[in-house]
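**Q** Residue numbers (the numbering used here), protein chains in the order written: chain A, 7 to 803; chain B, 12 to 157.
Honestly, the hints are just simulated from the structure, not real lab data. It should be emphasised that the depicted structure is a prediction, and the values quoted were computed from it without experimental measurement. Some hints here could point you the wrong way.
Below, computed lysine to aspartate or glutamate pairings styled on EDC-like, alpha-carbon distance capped at 16 Å [to be verified]:
#1 A/K336 / A/D259
#2 B/K136 / B/E117
#3 A/K233 / A/D41
#4 A/K604 / B/E52
#5 A/K307 / A/E343
#6 A/K597 / B/E97
Residues of chain A clear of chain B, computed beta-carbon distances all greater than 10 Å [to be verified]:
#7 E43
#8 Q302
#9 Q416
#10 P500
#11 E528
#12 K597
All C-beta atoms in this analysis are idealised placements derived from N, C-alpha and C, irrespective of residue type, glycine included.
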Amino acid sequence: MSEIDEIVGEFLVESYENLDRYDEDLLALERDPGDPEVLSSIFRTIHTVKGTAGFFAFDRLGDLAHVAESLLGRLREGELEVNEEIASALLVTGDTLRRMLGVIEATGEEGDEDVSELTETLKRLHAGEEDAPEEDASDAVEEPVAEDETDGPDCDDPSLDQPIPSERAGNGGDGVHPKLGEVLIGEGETTPEAVALAAHEQDLGDDRRIGEILVDHGQTTTEAVDKAVETQGNDSGRNISDSSIRVDVGLLDELMNLVGELVLARNQIVQLVGEEQDSHYAGASQRLNLITTELQEGVMKTRMQPIGNVWNKLPRVVRDLSLSCGKQVKLVMEGQETELDKTIIEAIKDPLTHLVRNAVDHGIELPEQRVAAGKPEEGTLTLRAFHEGGQVNIEILDDGGGIDPQALKQKAIAKRVITAEQAATMTDREAVNLIFAAGFSTAEEVTSVSGRGVGMDVVRTNIERIGGTVDIQSEQGHGTACKVKIPLTLAIVPALMVTSGQSRFAIPQLSLIELVRLEGEEARTGIELVHGAPVHRLRGRLLPIVDLAGELGRGEAGERDNVNIVVLQADGQSFGLVVDAIQDTEEIVVKPLGSHLKDANLFSGATIMGDGRVALILDVLGIAERARVVTETTERSGSAEDLGDEILDERHVERRTLLLVGIGDDRRAAIALSDVERLEEFASSSIEFGNGREVVQYRDDILPLVRLADELGVGGYGMDVPENLDVVVNRVEGQMVGIVVGSILDIVEQDVDLRDGDEGRGVLGSAIIQGRVTDVVDIDAVVMRNDPARMGGYAGV
Amino acid sequence: MAAPIQYCTFTLAHLTFGIEVDRVQEVMRSRDLTEVPLANEVVEGLINLRGQIVTALDLRRRLQLPPRDADAPPPMNIVVRTASGELSLLVDAIGDVVDADEATFEGPPETLDGVARELITGTYKLEGRLLLVLDTERAVQLPALA
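This is chain B alone, in the form it adopts within the complex (with noise of 0.2 Å):
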């Protein structure tokens, strides 16, 4: 079959999730954020990559998670390609470059719900843990504003 996909995994709150390793562009520690005032609120800021100004998006807002706690650790960028140029995803914290494999692949738990499941392709049932793959495409765009 097909060579197994790759994932760049990371976690927000208790999930785990997976990016095709392909799109990533790099993985950095925070950063000094500029914040954008009257933007969407998931937009975070902007931060300084090199001479590039990329913004910043706070996925566990993206997805509807509860806030981050006060005492994290601050959040891990994952900078991104998509359609719209490069974006930095901030998450909790980065994990492991998975291979996943085909056979255990299935469609998005029934246990999640609301935005989170709209943005999650499907389930690679790992050891002892599920991975959510995010459709990036997707989890970049912004939300309607309320």
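Pulled out of the complex, with its shape left as it was, chain A reads as follows (with noise of 0.2 Å):
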């Protein structure tokens, strides 16, 4: 790379620096158009890449830069106010000058891209407000231009920018802080050629400061020179360059890497350490381990980079959005300094930028509406960013409408994304996480709902593919919140070790729920199959079942003695991966698979274990795509339905959640959860009659006692008389009513199919639970034939 090269590089790192803090400041002047420093800082800029551009002889780039400065100009100078009109052309400015930096940065060349459009604009503007009508409008425009050329571009910047040599600049001219002739000029303070005049008094051997020769030149006044140190102050505590270099970001990968190998050599060493005795040696690979881990974690942090750096688009887009659909929103961010990956960053760029797109176009109401809803006109958005628990948590919070989910349950099940007996178990607060189904969005947008549009799905899977997490709560009429959750880094991810058939796999733990173990009798009907598909009852749910091996193409497994399944969790839906055998959880660190091997959609990446074997890492979204666990419900949901009224019909089957008792000696008895209200022990001497019944004294109350033995007529709580009873507390009809039990046993939840009601006996039916024949007790009925009336009486005292 020659010197210009390099020189033209800075100057476009640079550039692009300024124009990205350009874009923050014009929406900083839109709030408060008055703010001088924010325009300094404007004008800054441009001037800056106006000056440049010139040096380098970029005529175009220069001549649309000196037209915005123009335009500045006057605004600094308080004859032009900033308006919507102005914003806008100076943001389409800053575009404008990005497109061009990018092309020279492409082809080292100006392109010829069309600005003249972009620069009548501006000097429209420019001339908008002029305050003499009666000149021609051109004159006005053309005179300002060409004062400029007269000492052109060319000779008039570098005169800024290069003559006031940092030794002499004194104050703040250590080339960290601006100069302060610079922020003079950018103050309106002084006129470029009175520093330019006094920096060449320097020259000649004045030893004054800069400040004090304009001063004493009549430039410029006293006071506006103690400001403008202050400004230089302020400034350096703005950019922190002065304490960070710049680092290009694949030397980092780079040493991140080295780093990675260092930890496996380090585990090598430890493990052999581990079989010598020699406590010299125990210390040194002691200390080399220690050092690895810090090492490690100082490398991870390089690539550490506030979320600030992708909000700050953020502002942007929500303005002109705002603009375009004709709302009010304020914008408030909370934790930009949250640090993540420079990885992770980028990959949650586009799926940030799209929940704020939908937050406010389908979120925040129009200002009638707001207002018709007593709400304050403009709506707020606040992104909030924070970490907690070794994960970075987003939030996306509107106070505009919510989502309707009972509208969206309908919309869910015209689409057949859920069945209509999927949609009435379910909580509002699932439903409104529908919205991320896949094949709920499509191009059909939903705002008749107050729903979100389009691609949810999307904006789901990208989060997931990087190991994060997405939920929707929504408060109808007061606002949704969107809460993603990411890991810090992908580079290093805690992984559980598995093994199918030679070859040994990492899954992400963050995509882990739980293992179970089947063994025994238990191994060879554990799954079963329905419809085909395999499933395992998994505490009363039906999970799908994913053989490893199978997916792998490696054959499905025949019967084994035991069965392992990883449970796992993908887009939403939960699944089982058999597997042969579970080994440790590790900390592996992820490194990319080649292009070669880019279709294989089951794997995420690969990594080297510490035996210096490489092993694959699982994509669990990958596989659950290819077994269809995840696609399922969506394509099932056709059939489903009718698969689900079969089953319901023939067999009468029902899903209940039981709470189990014992009674008497040996026997079971099950009561529906929904009926009780809490389980409480009393001492038996604490039993008291009351109108001839069994009543304790209860929250200063008192609560007849039932005794379930008896009711069924099982007897047997045998002459001996327990300690403390267990006391199943039922509310019925608002009167509570202790039930007597034996022991309380445990919470099932499991389809009941009731045989033999015999509602006089105060039994709903027996049905098979825990493989023990069961009563499930019919509380109303023994509760009313123990006399309502009393012990109403009593309840109610």
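Now that you have both chains on their own, put them together as the hints suggest.
**A** This is how it looks when you write it as structure tokens:
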């Protein structure tokens, strides 16, 4: 790279950075049009671009910057007021400059982008509120242009940027802070010519500071100089360049790789030393161990960037979008300094922008609707980021209309994403999260139900690809909160190691829910087939089962003595992955797969294990998709409805959550959990009698007791009175009743196939629960039989 | 004329091939391979090259040559730099580095057929044998799955 190229490169980097700030500044200016500091900053940015462009003879770039600078000059003089049109034109100028810089970066030369229209707009705005309307508008524009052209960018600007060598510029001229002369020019307190002249005097041996010279020349005031010195100080706080250096990301990636290797070498050494007895050796390896860990953490930190780097673009997005929808939106950002790995920052950029756009587009209502709902005209969109439990939380909160869960359910049923049965049992919160379901968001907007529009499933997929989760909570009429959780870094993740055949695989811990092991008889019967699809009943819920060996194309394994199921979550759906063996959890260094394996969507990467061998990392989402676990609900929805009906019709099976209790000598009964208020334990000695019945004092009230064993005709408390009584407190028609049971065993959720109901006996029927015949208690009947009037009388005291 | 091009030679079945020396990063003995299920059949697996994970391609399968004998010595790795990153090519045995004389260069031999012919740019007539020059960039592209 030649020296000139290098200088151009620096110019490009600097300009990009300045332009990023330029956007922010402009938006700030729009909020507070009079802020001189912000205006100066904007002016300086454009001025620097213009000056340097002139130096490299990028004339088109320089010309555009020049016209913009003229407009900004008038704003700074207070001759013009910032309005929306001016702000928009200046924002477009920033975009255009960026594009032009992009062309220079790519080709080394200026492109031939046509900027005449923009130039005209800027000139028109510049002339727009000319004090002297009688003057020809074009003259008014030409004048300042001509004025500058006499000395031309090439001679006027180097004189600005170069003439005050840092040693002499005194105040703050250490190459980090902006030069005092520039600040004064930026503030409009003096002219470039005066600064050049003063600098020239310094060159001739004048050892006064530049500010002093200017004051002596009558070119500025002492107050202005003092203020400028202060501004210099503030500016240095604004950019942290005095304590940081620019490092190529490629170099950091390389360092990261080397550290990964070092970690492996360290692991090997630690293993070897473990076998040796020599304590010197052990001590040295211990130190190596510690240093490596610290080095690893240090290198990881170098890749961390504040999330504000992504958020910077959002104020502009919100501004443009809210203008085009005719909404008023205030964007509040909290926790911009929260740091994330660079690769993750890149990966969440699009999903975040999408969520923010959605919040503005569909979340926040039009001003008139807001006023009608008694809210302020201006909606508030809050972005919040914070660390919690080794993860980064990002929340996008709006105070808009929220999401109507019922309307969403209707829509989801219409789109066959869920069945009517599923909808009926779905909580509002689950319903709201339907907007992430694949097949739910289509090109058709769902604004009519104040839901969110297109591609939310893509947002979720993208977030899950980097091991994150997304959840939506919405309160109708009050707003919506979208919560994204993502890992701090992708480079090193905790993973569970499993084996299938001879191979080892890593499963990122983030997708892991639990491990289930079926042994003996269960191993043969624990996995059942429903319409040919293997499932396992996990605490009463059907868990789809995927055989890893099968998915890997190695053929299904035959009968096994025991079955290891790794319960995973992908795309909001959990499924069980059957593996041969489950090993340890380990921190693994994730490495990308080469381009030859890009099609292998079962793997998200590879890692090197302690023994130096390579292990593949399973892509949980990829496996779920391949095994059709994830898309299954959508595809099956047509038939699932029939399937569901079929089961219900044929067997009268009902899913219930039941409290299992023991009564008498070894008998069991079940009470519907929905009837149960609390579980209590009373000392037998606390039983009193009231109105001929057993009662206890409970919460400043009298609780009548019913002995379940007596009710079911089981008898059998025997002669020995237990010290404590287990009591299930039920509430029937507003009155509390205590059911005395032998013991409280378990809570189960399962399909109950009732047989032989006998209401007179207080039993709804019997069912096989946990392999035992169990009576399901009819609480209402039991209570009624015990004279409702009198019992009500007690409870109502 | 131009300086003679140097080739790193290797054998596959009964054939001798050559790759430009400056494409070759290193040559290694056989390594522990991690098999990648469901990958293209040419992909033999992944190897750990000093902390970097490199894909190993079986050149025999790429060239549609008969599979290696079960009792043959394990294949050698030639790590080459390509447009798609570093890759390891599995070959039967490594030969010398030879200086090829431009004068002995000819097109691909007529006797070659099938895919091997497409992947060979030409032949140098060495003493007593032919050196087939492998088009590395094309050779590392995966054939469409059958």
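**Q** Next step is simple, just say for each hint if it's right about the structure.
**A** How the hints compare with the structure:
1. The straight-line distance between the Cα atoms of A/K336 and A/D259 is roughly 38 Å, outside the 16 Å bound, and the hint therefore fails.
2. Proposed proximity of B/K136 and B/E117 is supported: the alpha carbons are some 8 Å apart, at most 16 Å.
3. Simply put, A/K233 and A/D41 have alpha-carbon atoms about 14 Å apart, close enough for the 16 Å limit, and the pair holds.
4. The suggested pairing of A/K604 with B/E52 holds, with an alpha-carbon distance near 14 Å, which does not exceed 16 Å.
5. Restraint check: the Cα-Cα separation between A/K307 and A/E343 comes to about 14 Å, which is no more than 16 Å; the hinted pair holds.
6. Distance restraint check for A/K597 and B/E97: the Cα-Cα separation of roughly 14 Å lies within the 16 Å cut-off, and the hinted pair is therefore satisfied.
7. For A/E43, the shortest C-beta to C-beta distance to chain B comes to about 49 Å, beyond the 10 Å cut-off, and the non-interface label holds.
8. No beta-carbon of chain B is positioned within 10 Å of the beta-carbon of A/Q302; the least distance is around 13 Å.
9. With a minimum CB-CB distance of about 41 Å to chain B, A/Q416 clears the 10 Å threshold, and the non-interface call stands.
10. With a cut of 10 Å on Cβ distances, A/P500 stays outside the contact zone with chain B, its closest approach being about 20 Å.
11. With a least CB separation of 28 Å from chain B, A/E528 remains clear of the 10 Å interface cut-off, as annotated.
12. The Cβ of A/K597 does not lie farther than 10 Å from every Cβ of chain B; its closest approach is about 5 Å, which violates its non-interface assignment.
Hint violations for this structure: numbers 1 and 12, all remaining hints satisfied.
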